[in-house]
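**Student:** In case you want the letters, here they are:
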Amino acid sequence: MTNVSVAKEDVAASDDLVVLKSVNKHFGALHVLQDIDLTIARGEVVVVIGPSGSGKSTLCRTINRLETIDSGAITIDGKALPHEGRELARLRADVGMVFQSFNLFAHKTVLENVMLGQLKVRKADKKQAEEKARALLDRVGVGTQADKYPAQLSGGQQQRVAIARALAMGPKVMLFDEPTSALDPEMINEVLEVMQQLAREGMTMIVVTHEMGFARSAANRVVFMADGRIVEQAAPDQFFSNPRSDRAKDFLSKILHH
Amino acid sequence: MFDFLDGYDVLGAFWTTVQLTLLAAAGSLIWGTLLAAMRVGPVPLMRGFGTAYVNIVRNIPLTVIILFSSLGLYSTLGISLGAGDIVKTANFRLAVLGLIVYTSAFVCEAIRSGINTVPVGQAEAARALGLSFTQVLFVVVLPQAFRAAVGPLTNVLIALTKNTTVAAAIGVGEAALLMKDMVEKEAQLLLISAIIAFGFCCLTLPTGLILGWVGKKVAVKR
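Chains as they are written, first to last, in our numbering: chain A, 1 to 258; chain B, 259 to 480.
No lab work stands behind these hints: they were computed from the structure.
Some clues are possibly wrong.
Unchecked claim - Okay, derived cross-link-like pairs now, DSS-like style, lysine-lysine, Cα gap no bigger than 25 Å in a straight line:
(1) B/Lys346 with A/Lys148
(2) A/Lys79 with A/Lys108
(3) A/Lys148 with B/Lys438
(4) A/Lys108 with B/Lys479
(5) B/Lys479 with A/Lys120
(6) B/Lys438 with B/Lys346
(7) A/Lys108 with A/Lys123
(8) A/Lys148 with B/Lys474
(9) A/Lys148 with A/Lys123
Using the sequences and the hints given, assemble the complete structure.
**Tutor:** Structure below.
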């Protein structure tokens, strides 16, 4: 817990990194994001929780424009999210994303997966890219698997490679879209540990998850979403011990008693 | 029994068939890939062009396309693809062009079916890294699509090998033209047909076997 408080001090000293202002989005008749206002400060770890279909994954995906929005504004590090094209690609390179289904490039080795972005987007030197990739793979604990293909790895290993792939771009903020939801229970912790380590190091993170333990131990703030709205946001201790809204109380009563 | 073959260059004719096949295969692979890229791309104009091209071209008989290459492009418009007045060379090149125009429509669809086997997440992950559309397509999606499309592309290649016989319609000296020539001059109809059929099997059977093996070998494990 001491680490978290260190991160909180950082927050106070730095500016806003990701800002969403009255963001709206519809999927046909479904209003998935309703007037979302959310500000994430540099170095802050924000965990987004809520029932299925509450719009939390969509929220996460709008931040690097994998989902477009209907109205409102999103700025990252002071810059408005560009429309399609080169500008958008440049911005995405600064926003790391980790998916529920890992999405490692199936035709490339683990090492190539982590090098690809550096080579194609950052135009890095091949040797340096490989060094960095190997260092990152060691850091997430899969250094020995570097020459294997993703399908040869366990889910937990694949997800850690995916985190390394995102980190290789030197992102300003990392988005995690339910990173442990597709994993066998025994592999969840190895991924959460890597994420916890990242949080301790001061990475700005937006994490959509069902892992309440992670929210308690690593988050600076919990954002609770339901039916396309942000219903409540608070520090984890406060949220879990004393939720203010009925919707959050109901949600927590359903998940915490198992 | 095979004495009558003396005056004919059977191997030479089949060599022309092979040349037509390989050149048209290379050309239609490139053009078909570009068409597929247009059809999955974000630019409406290109998507429209790709769709229109495929739907028009694959519904025209190959004979019409090949005849147009010769009569329309060469005889009427004087386009000889650099062959000048040498009719034989011009017709060969025009036949290759016609085969490329026709076959690329099928190559495009085979590749598009391959693209459909690549999970959406692969492209999303590539976009999230900051790759441009072209990079996403050529670095991540198409390499996987090709591996999945080896089977359908093999069918297209075998069909192309046999389709080269249509080039006989504009006098390209490949296997089918030789057969026509021999059937007219020799009283060995069945034997001649069998020889030509055997020749084509010698080309297409190994194609199918080898590419079938390649397809398994390069398949992407998920």
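**Student:** Compare the distance between the alpha carbons of lysine 108 of chain A and lysine 123 of chain A with 25 Å, and conclude whether the hinted pair is satisfied.
**Tutor:** 18 Å, holds
**Student:** For the pair supplied as a hint, lysine 108 of chain A and lysine 479 of chain B, is the alpha-carbon distance within the 25 Å limit?
**Tutor:** Holds. Lysine 108 of chain A to lysine 479 of chain B sits at ~11 Å (cutoff 25 Å).
**Student:** Would you mind confirming whether the straight-line C-alpha gap from lysine 148 of chain A to lysine 438 of chain B stays at or under 25 Å?
**Tutor:** 56 Å, violated
**Student:** Under the criterion that the straight-line Cα-Cα distance not exceed 25 Å, is the pair lysine 148 of chain A, lysine 123 of chain A satisfied?
**Tutor:** Within the cut-off at roughly 24 Å; holds.
**Student:** Run the distance test for lysine 479 of chain B versus lysine 120 of chain A: straight-line Cα separation, threshold 25 Å.
**Tutor:** 24 Å, holds
**Student:** Quickly compare the C-alpha distance for lysine 438 of chain B and lysine 346 of chain B to 25 Å and report which way the hint goes.
**Tutor:** Distance of about 17 Å is within 25 Å: holds.
**Student:** Given the hinted pair lysine 346 of chain B and lysine 148 of chain A, is their alpha-carbon gap at most 25 Å?
**Tutor:** Given pair lysine 346 of chain B, lysine 148 of chain A is violated - Cα atoms ~53 Å apart, limit 25 Å.
**Student:** Taken at face value, is the distance from the CA of lysine 108 of chain A to the CA of lysine 79 of chain A at most 25 Å?
**Tutor:** Violated - the C-alpha atoms of lysine 108 of chain A and lysine 79 of chain A are around 33 Å apart, more than 25 Å.
**Student:** Would you mind confirming whether the straight-line C-alpha gap from lysine 148 of chain A to lysine 474 of chain B stays at or under 25 Å?
**Tutor:** At roughly 19 Å apart (the allowed maximum being 25 Å), lysine 474 of chain B and lysine 148 of chain A satisfy the hint.
Violated hints, listed in ascending order, are 1, 2 and 3; each of the other numbered hints is respected by the structure.
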